[in-house]
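J.: The chain contents come next:
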Amino acid sequence: MAFTFKRGIHPNEQKQYTENVPIDLLLPGTGSEMIYPLLQHLGKPCRPLVEKGQKVLLGEKIGDSEEFVCAPIHSSVSGVVKDIRPHLTVVGTIVSSVIIENDGKLTEHESIRPRDSFEAHSREEILAIIREAGIVGLGGAGFPTHVKLSPPPEKKIDTVIVNGCECEPYLTTDNRVMIEEADRIVLGLQIILKVVPGARGVIAIEDNKPEAIEAVRKHCADLPGIDVAVMETKYPQGAEKQLISAITGREVPSGGLPNDVGCIVNNVDTVIAIHRAFFRGRPLMRRVVTLTGGAVRSPGNYKVRLGMKLNDLVEMAGGLICAPAKVVVGGPLMGTAIFDIDVPIVKTTSGVLFLTEEEAYIPPEKNCIRCGQCVEHCPSGLIPTELNTDILRENGEMFVRHNGLECIECGSCSYVCPSKRRLSQAIRTVRRVELAKRGR
Amino acid sequence: MPPHIYGTDTIVRRMRDVLFALAPAFVYSIYCYGLKAFYVTAVSVLSAVFAEGVFQKINGREVTVGDLSAVITGLLLAFNLPPDVPLWIPVIGSAFAIVAVKQLFGGLGNNFVNPALAARAFLLASFPAHMTQWAAPDAVAGATYLARLKGESGFVPQVSDYWALLFWKEGGCIGETSAAVLILGGLYLIARKVVNWRIPVFYIGSFALFAFLLGRGSFFSGDVLFEVLSGGLLLGAFFMATDYATSPITPGGKILMGVGCGFLTVIIRFYSGYPEGVSYAILIMNLAVPLIDQYIRPRVYGKRRRAA
Numbered sequence: 000m001a002f003t004f005k006r007g008i009h010p011n012e013q014k015q016y017t018e019n020v021p022i023d024l025l026l027p028g029t030g031s032e033m034i035y036p037l038l039q040h041l042g043k044p045c046r047p048l049v050e051k052g053q054k055v056l057l058g059e060k061i062g063d064s065e066e067f068v069c070a071p072i073h074s075s076v077s078g079v080v081k082d083i084r085p086h087l088t089v090v091g092t093i094v095s096s097v098i099i100e101n102d103g104k105l106t107e108h109e110s111i112r113p114r115d116s117f118e119a120h121s122r123e124e125i126l127a128i129i130r131e132a133g134i135v136g137l138g139g140a141g142f143p144t145h146v147k148l149s150p151p152p153e154k155k156i157d158t159v160i161v162n163g164c165e166c167e168p169y170l171t172t173d174n175r176v177m178i179e180e181a182d183r184i185v186l187g188l189q190i191i192l193k194v195v196p197g198a199r200g201v202i203a204i205e206d207n208k209p210e211a212i213e214a215v216r217k218h219c220a221d222l223p224g225i226d227v228a229v230m231e232t233k234y235p236q237g238a239e240k241q242l243i244s245a246i247t248g249r250e251v252p253s254g255g256l257p258n259d260v261g262c263i264v265n266n267v268d269t270v271i272a273i274h275r276a277f278f279r280g281r282p283l284m285r286r287v288v289t290l291t292g293g294a295v296r297s298p299g300n301y302k303v304r305l306g307m308k309l310n311d312l313v314e315m316a317g318g319l320i321c322a323p324a325k326v327v328v329g330g331p332l333m334g335t336a337i338f339d340i341d342v343p344i345v346k347t348t349s350g351v352l353f354l355t356e357e358e359a360y361i362p363p364e365k366n367c368i369r370c371g372q373c374v375e376h377c378p379s380g381l382i383p384t385e386l387n388t389d390i391l392r393e394n395g396e397m398f399v400r401h402n403g404l405e406c407i408e409c410g411s412c413s414y415v416c417p418s419k420r421r422l423s424q425a426i427r428t429v430r431r432v433e434l435a436k437r438g439r
Numbered sequence: 000m001p002p003h004i005y006g007t008d009t010i011v012r013r014m015r016d017v018l019f020a021l022a023p024a025f026v027y028s029i030y031c032y033g034l035k036a037f038y039v040t041a042v043s044v045l046s047a048v049f050a051e052g053v054f055q056k057i058n059g060r061e062v063t064v065g066d067l068s069a070v071i072t073g074l075l076l077a078f079n080l081p082p083d084v085p086l087w088i089p090v091i092g093s094a095f096a097i098v099a100v101k102q103l104f105g106g107l108g109n110n111f112v113n114p115a116l117a118a119r120a121f122l123l124a125s126f127p128a129h130m131t132q133w134a135a136p137d138a139v140a141g142a143t144y145l146a147r148l149k150g151e152s153g154f155v156p157q158v159s160d161y162w163a164l165l166f167w168k169e170g171g172c173i174g175e176t177s178a179a180v181l182i183l184g185g186l187y188l189i190a191r192k193v194v195n196w197r198i199p200v201f202y203i204g205s206f207a208l209f210a211f212l213l214g215r216g217s218f219f220s221g222d223v224l225f226e227v228l229s230g231g232l233l234l235g236a237f238f239m240a241t242d243y244a245t246s247p248i249t250p251g252g253k254i255l256m257g258v259g260c261g262f263l264t265v266i267i268r269f270y271s272g273y274p275e276g277v278s279y280a281i282l283i284m285n286l287a288v289p290l291i292d293q294y295i296r297p298r299v300y301g302k303r304r305r306a307a
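Chains as they are written, first to last, in numbering that gives the first Met the number 0: chain F, 0 to 439; chain S, 0 to 307.
All the given hints hold, so there is nothing to weed out.
A partial selection of chain S residues facing chain F, derived with a Cβ cut-off under 8 Å:
1) N195
2) T249
3) P297
4) R298
5) V299
These are calculated hints, taken from the structure and not from any lab test. Glycine is no exception: its CB is placed at the ideal position from the N, C-alpha and C atoms.
Please work from the sequences and hints to get the whole structure.
T.: Given below as structure tokens:
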């Protein structure tokens, strides 16, 4: 029996476009403009460490701060700093960014020094290496990994989960990474387990990815303390809280963190970044992005340099067949629609969807018929239509009393609604307003 | 704003499935009662659709008869009428169901009692003579089994009577000709996930339990099978108590709705002046739905169970 969580949905997966397309390496062209926003994670922004006109090398740190909850930014090319100015990001914010002209030579900085093993390093050294490499959660949230791996001493961690569920429709980067770099995932997990002694490692993969399960299993078969957990294919299986209860049966308490129930969850690509920081000495400078949707000529999984502009990626990957009706960064259920593709790919950009008119069509909203589908599928145990009524009555107090703040914004309620009500959309908006009022 | 994609489920798909599920019972009623059943049903459906369209037009609202919900209301009302009613009865009933019960409270999803059942209760109170004129399929006017159970001392159902309930029929409403076709339609709706299994299962289950426990006359003696198959129980449990707008929205609430309906139906059937209690049991439980929804809720992830 595959592991799973309560409720949830089975959306149309749409992974067939890219799930069998091997990862393709795309290098930015000579002379191209690379943009590095100084905030690509959850936490405090970085200060620039370079000046306009300065020459920088590949792997050189260009932004950092003294704050603990922060991850440094590195140049992913060699070239010249053209400017430091505010620039639009994929999520629609405008962030101070270092702009570098790529000289195409990819000359490496001296800080890139491969290591042979991790065993000799202490816990503190490992954490310092992870921090210096600028590694953050690559699943989408972008929380600095060294912070996640340093829970307060009173929180005993007994389970480290590597999240390879990738439950969002369309996205296939985790799937390809697991198939193609399974050995590195297992090694990366071993590094994490060295930092969190005594914990068991679990690599969680949904059962719609048999090839990935096979590949990862092969590499951890002889390792005690590391197991593959086969998960039922169901959305949002990869949501942190849902994944933790599926595997351990524990629920992260309201307002709490995974470490409150002895768990740490990392995305597969994050674990590979840790591996790379160790064995190749390279900071986080690239990631795998699924470029897909009906408007893309050749959908695929591309290994790209961070800082590369989205429009450059689209062009290099073969361009578009037609004008997209909607461009979404991330998955279709939780991603953000963007209005301008002149934005850089950052650490948390897992996929970009160029949806056609047909794919992006959402029928008009009808009356709620109280069918109860939203209740039946809400992974948080909420009553979404009731929250929507609270919102329509502009009653924020009732919204909070009805546990609106416990929403994980997965979008399941809207997806299943036969009346096509904009439940998740409304709840997400008001939830953020109410959280902001409470200073969270 | 995400989500950027939606599933394929629609209101119309659900309503169409309900119509499919009711179709066998409709066809069977024509087989049993002849064209008069067809006329009553057709008039009821047409007046329901007409009433909805006209009301929305007059009020300058979007006309939503295309969602088929008015068709279902008309059909269910007809299923709750005797086949021999004069044709103006369904006209008045449908107009009442659609205008007074549904549209005046905000239309689809906003009515607090089941429109078809409220209309039936309204008709029964206003025109009792027409509403209780039962014709047996063989055209001999007679009492229904439920009336006989209550009125005739010493009436003991024979095997042939059970078969009659399943396939042919006692005198009764248009939609109650055969328990078998109603079960078929009900199972179809559950399989298609249009209807959640909890209300029908707990309604019929608790009804059977209470009918056995309380018995007619002495405790622990109820003829469960006969009670379940007769009257409007199956029609009510599968098609009326499960009405979305007037049943609880949470899984736990649905169970309570089913148990409440089952209990009240037995009480009314056994101890009131009426032979049948399905309609009133459901109507009473309809009124309790807002309260049930307030207190019977799923447990929120990461929180202990506590009423809101």
